[in-house]
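Using the hints, position chain B against chain A.
One-letter residues, chain by chain:
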Amino acid sequence: MNLRIDAEKKQGSFLLQVNAEVSGERIGIFGPSGSGKSTLMHLISGLLQPDRGEIYLNNECLFSSAKGVNRSPERRRIAIVFQQAMLFPHLSVKANLLYGYRRCRTENRRIRPDTLINLLKLQPLLQRGVENLSGGEKQRVALGRAILANPRLLLMDEPLSALDDALRFQIIPYLRSVSEEFRIPYLFISHSMTEMQLMTDHILEIENGRCIDETTPDQLARKRMAQSPKGYLNLLSLAAPVKQHGLFAYQWGKNTLLVSDGKEVGEALFELSSREIILFKKHPEAISARNLFECTVAEMFESEGRVGIVLSVEGEKLVAEIVRSAAEELMISVGSTLFAAIKASSFRKLA
Amino acid sequence: MTLTPEDIVAIWLSLKVALTATALALPFGFALAWLIVFKKFRGKVALEVLVNLPLTLPPVVIGFFLLLLLGKNGWIGKVLDASGIPIIFTWKAAVIASATVGFPLLVRSIRLGMESIDQQLIEASRSLGAAWYDTLATIILPLSMRGIMAGSSLMFARSLGEFGATIIVAGNIPGITQTIPLAIYDYASSPSSVTMALSLCLVSVLISVVVLVVHELLGKKLDRRSAL
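Protein chains in written order, with numbering that gives the first Met the number 0: chain A, 0 to 350; chain B, 0 to 227.
Okay, chain A solo, but in the shape it has when bound:
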């Protein structure tokens, strides 16, 4: 998918002025609330008309003030998943799901309702009324409805913000699986760094109505390490734990990680703040932290007075964060050997 946008839109005292070109399947639009992310989404989908400029999707002109082109939203084939599910309250779950499918031309119907209903596990919900669904179920139906419209591009406008943490990470696998299974490129709008890391490969960073950076989730996380309250978030997907003295022992590459709050079976996703990793120059002999690894410094980066240390633990990567003076005192440089200690309780289970 290739999206080229050079557009301007004034709304009251707010001016959105975006000039960017992105290619890829999993694109993120990141920025604080009020930065113009939603306005941008409205311009792309055609629900709002730019004051001037042009928008091209896969080299097809969707809008151009110079050429006088403005494709109506229903002809752009860009479906939206909103923050609130926005299911049609007067229709059943099934009718909601098929709303876009029925309006899609036969030759464009690539995704069959049955396949999708199975994938999103919607079968038990079909005959229910929309009001009798939980928040997570509603969002799943909304996602299904958008996918069944067989869009060329899916816009997800903070689709997880209205859900609590537990539900959020239950929905993410669905979001990822539909885009992988059906190969629908998407724009994922959010102000959550974790969601960006999990959902996107490439990011447009928006601030005050302007596109200030084009980056990757990892680069953005590094840049924001110092200002973010949790530092850089290491995301670890671990599976098949063995119980050990009340802790969960997970295989992590060639190493074993001890985690206090794990999941009995299956795969689990953990978040580890860069600030929870303590570095030692020499082996500390005795230590209360349950995880101690010998590692080498693979890379170092700066973020507003803090130093991010990319550690390689037998090939596995972790980002630790220390202040400038600590880095100087320990004489850390790329290639140096360090010992990293992490408490078993430092891993926060996301899902």
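Keep in mind that a hint or two might mislead.
[What the hints assert, rightly or not] DSS-like cross-link-like pairs, simulated, lysine-lysine; straight-line CA separation at most 25 Å:
#: 1; chain 1: A; residue 1: Lys9; chain 2: B; residue 2: Lys39
#: 2; chain 1: A; residue 1: Lys93; chain 2: B; residue 2: Lys39
#: 3; chain 1: B; residue 1: Lys43; chain 2: A; residue 2: Lys9
[Claimed, not checked] Coverage of chain A stretches by chain B, computed from C-beta distances (three or more under 8 Å per stretch; other residues unrestricted):
#: 4; stretch: 80-89
#: 5; stretch: 94-108
[To be verified] Restraint ranges, calculated between C-beta atoms of paired labels, are given here:
#: 6; chain 1: A; residue 1: Gly304; chain 2: B; residue 2: Leu34; range: 53 to 63 Å
#: 7; chain 1: B; residue 1: Tyr132; chain 2: A; residue 2: Glu298; range: 53 to 63 Å
#: 8; chain 1: B; residue 1: Ala81; chain 2: A; residue 2: Gln48; range: 24 to 34 Å
#: 9; chain 1: B; residue 1: Ile84; chain 2: A; residue 2: Asn58; range: 54 to 64 Å
#: 10; chain 1: A; residue 1: Glu213; chain 2: B; residue 2: Lys39; range: 55 to 65 Å
#: 11; chain 1: B; residue 1: Val209; chain 2: A; residue 2: Glu130; range: 27 to 37 Å
#: 12; chain 1: B; residue 1: Val208; chain 2: A; residue 2: Ser64; range: 53 to 63 Å
#: 13; chain 1: B; residue 1: Lys219; chain 2: A; residue 2: Asp200; range: 48 to 58 Å
#: 14; chain 1: A; residue 1: Lys66; chain 2: B; residue 2: Ala81; range: 49 to 59 Å
Everything labelled a hint here was simulated from the structure, so no lab data went into it.
Computed from a predicted structure; not experimentally measured.
Glycine is no exception: its CB is placed at the ideal position from the N, C-alpha and C atoms.
For chain B alone, coordinates are given in the frame of chain A:
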């Protein structure tokens, strides 16, 4: 309680006039409410004032304007006269009078219904491939059904009670343009017909109660449906 054959005619005429006026006004009311709620255009405020004017004007004034417009020398009257369709002093004039007076109530209710629709539902529908008229028919219409029902019953009730504008453009001709309020007015002006007036008043009350009950039941039914 006694009703003369003329009273019965008046009752039927009242129902016929109110029903026709409501049915006639409904599509226009819906379209106008849609324009006001969803469209941006110049002169919107002027249009809103115009639509609401009959609400604040004395019905007699409306009747008089209609008379000027529909009378033999009025703009519309001339055309109609030439094509052989007399309006003034027929039941059709009563319909027009009722429709004009009740119209703001209808538009107001439909508007309230439409304003309560989340804008994002409409956006969702459009982005799922529905053209504007498709969204209008499949999302906006069903979701403003409560407002439409409320507006229709309000307008119907208001039309049943129409007096001031009707008496001017349709007159008070028993059997032809005499609706319930006009008949009551006739009875009330002669002291000997107090019981006759009272009978028609009771019929009025009865019809009003039925309209309100139907209104409530429909509202409940719509509530249940949307809760499913």
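Going down the list of hints, with the structure as the test:
no. : hint                            : verdict
1   : A:Lys9 - B:Lys39                : holds, 16 Å
2   : A:Lys93 - B:Lys39               : violated, 34 Å
3   : B:Lys43 - A:Lys9                : holds, 22 Å
4   : 80-89                           : holds (count 6)
5   : 94-108                          : holds (count 4)
6   : A:Gly304 - B:Leu34: 53 to 63 Å  : holds, 58 Å
7   : B:Tyr132 - A:Glu298: 53 to 63 Å : holds, 58 Å
8   : B:Ala81 - A:Gln48: 24 to 34 Å   : violated, 47 Å
9   : B:Ile84 - A:Asn58: 54 to 64 Å   : holds, 60 Å
10  : A:Glu213 - B:Lys39: 55 to 65 Å  : violated, 35 Å
11  : B:Val209 - A:Glu130: 27 to 37 Å : holds, 31 Å
12  : B:Val208 - A:Ser64: 53 to 63 Å  : holds, 59 Å
13  : B:Lys219 - A:Asp200: 48 to 58 Å : holds, 52 Å
14  : A:Lys66 - B:Ala81: 49 to 59 Å   : holds, 51 Å
Hints 2, 8 and 10 from the earlier list are contradicted by this structure; the remaining hints agree with it.
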